[in-house]
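Dock chain B against the given chain A, drawing on the hints supplied.
Below, each chain spelled out in residue letters.
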Amino acid sequence: MLRRLGNQVVPVEDPEHVERRREQVVAALSRSIRATADRKRRAFRTRLLWTAGLAASLVLGVGIAAQVRHTAVEAAAVFSTVAEVSGAVVVTENGQSRVLSNGSEFALRTQGEIETAPEAQAELRSQKSSVHLSPATKLTVPPVTPVEERYRLAVGRVELSVDKNSPLTRSVVVETPNAEVVVHGTVFAVGVSSRNKQTVTEVSVTRGSVWVLQRGSQVAVLGAGQHWSSDAEPTSVPPTVPSLAAPEPAAALAPSEAVSRRETATRGLPRPTAAETKASTLAEQSRMFQEAIDARNRGEDARSAELFGRLLQRYPNYEEAEVQLFRAQKRLGRTTAAAAEARRYLALHPQGFARDEARELALSSSPAQRR
Amino acid sequence: MQRAPTDEELIEAVQRGDHQVASVIYERLVGVVDHTLYRVFGRREVDHDDLVQAAFEQIVVTLSRRSYARACSLRTWASSIASHVGFNALRSRRRERRVLDREAGIEAEPIRAGVDVEGEASARAELERLRLQLSEMKSTHAEAVFLHDVLGHELAEIALMTQVSVSAAQSRLVRGRRELFKRLDYVAPRRKTEPS
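Here the protein sequences come in this chain order: A and B.
In terms of my numbering, the first sequence opens at residue 1 and continues consecutively.
In terms of my numbering, the second sequence opens at residue 1 and continues consecutively.
For reference, chain B alone in the conformation it holds in the complex:
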């Protein structure tokens, strides 16, 4: 049985220009890319496949440019790239929405049987509002909040992925949370926010 190539071997193959590894990269990263994009949008949009492809192309570019410092796993790196691609798309979509209703024709996620329909709809509306606010925030702040609080990455990982210091990543997270709460009309908790 042939051994699956390691992350290092895949990166070196990409840097050499070996296109045979495309399918291996896809198989390894498609799950994390798909899930990240789903969480950014809250559903699979009509252009979901295009966004997946754009995220993969961006991953290949960063790998061949050696922007990836190999300090975190390839999956973590892929989730960071995918969230970046997703938020950029979400932002441009919000701008376009004034002209086109891109959501027309998208099937709403079916409401599971036996749940409170009204409560579920209210929760969805809240999440949609949250996404809207994230997309309108400063991109670095929104990504820091999303990577930490939604995808559950450690601050040190976020610092490596976004190529800033840990203190800068922490600052972005704190400011991002404060801005988000303000936008959602939340009253900031009295205790000091302790990023994990």
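Chain A with its partners taken away, still in its complex shape:
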């Protein structure tokens, strides 16, 4: 039956009808071919537009992401901000100077130098401290490191407020041409001025305590309300200059003098005098101490402990080095050795500046305590 269906004879149509249908179908076919081609072109254009839009969105997205990342990186790079400016303040960064007007801010990313005019003031804020710059002050701010936040005061006066509750453990140091003031949490002021053609550093403590170092050696520990000047002997607290076995006047010479004398000695003078020998010893002692302090500031406690140990072997009874040694050992977790050093320190310096800390350390490691 299916075969019959296939073999069915198809009758011939009326030619007029065939012609009429031909015209009708050919016209419709022409329209259909044109419309299909138009649709294809439109679809292609739409696809092209979508692709271009998508590509543009992608580029825009990548650009925005890059911008956000760049902003985040830039924000992370900012370590200090100069704010609350009054008067003319010049900030120099990367060799480019910029004058800040009232109320404007400037973020420091690399080492910056801030100079206030005679009538101007500024505030510098970091994560740990805030520094108020008095008029006619010149302060250099190197980038902050994990162990240290340093300010170099060339001239003028700064008032620092260090947040002692800050989770950041780095030290805050104000360096003047002839002193270093190290703090951990306090409010104090440092001034540098010129007196009798000499640079004089003055330190006043409002709250807490600070150490004053000169060429790596601690010269004073100041408490609240106390004052220190590089121009005169401290009145409130005696400076704990490394107590040499037989101090002589020449031992108190400044290292610059010591160095110049040592240079003179190496130029072929037959024999150094006793004073020259003492000065040379002091310079060597200062150098060794500085090396150990630098190691501590870099966080290299083992190296620091080794250097302090070596310094004490060569120059025993050096109070500051003894303190630094038991602290380094404590940081390294060598509790027994730290306690032994603390006991030795207490025996040698019963009234030493770190006696409380040493006593606590010595007791914490005693057998009774351990039990």
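By construction, these hints were calculated from the structure, which means they are not laboratory data.
It cannot be assumed that every hint is accurate.
A short, non-exhaustive set of chain A residues, derived as facing chain B with CB atoms under 7 Å [what the hints assert, rightly or not]:
hint, residue
1, R21
2, V25
3, V26
4, A28
5, S32
6, I33
7, R34
8, A35
9, N94
Cβ-to-Cβ under 8 Å is the rule here; a few derived chain A residues that face chain B [said to hold, decoys possible]:
hint, residue
10, R22
11, Q24
12, L29
C-beta: ideal position from N, C-alpha, C; glycine also.
Chain B in isolation, oriented as in the chain A frame:
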């Protein structure tokens, strides 16, 4: 004398949007489209010209969409499209027939002189029943049976036209025949059906 364009040239012209080739396409394919539609319906219906036009439009669409893989001739492809259009129309007609009698006014094919009138009428009734059953079957099965058993296409051609594998086309044919025989109350032959 100008050479008639090849199938390939016609297809490329359609894809370019060159509407000048419309008459050439019509001339080349009208015979196969007309005959296929006639076999689907058993006559030329009142809307036969519309169906011819719909089949041609469908051919143009498939050519421009590149659905035609050029693996068979354009005529074979056109017969496949025409049968598809025809069966779709037949199916929708069966649904409509419940409301309208579309066959009213259509002249019955004249019975040739000298033939058995009763036998001819019975044969026509059988063919009409066959078309009815084909239109009510699953479209893929019905088309496979129609293309193979009525229009005489090879299984490989049907596979290319319907864009399925040869085994799938064979399966459709076997299932279609089985369903058709069941619908016509035929007893399936004992020997295994061997599609050509």
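Unsatisfied constraints (hint numbers, rising): 8 and 9
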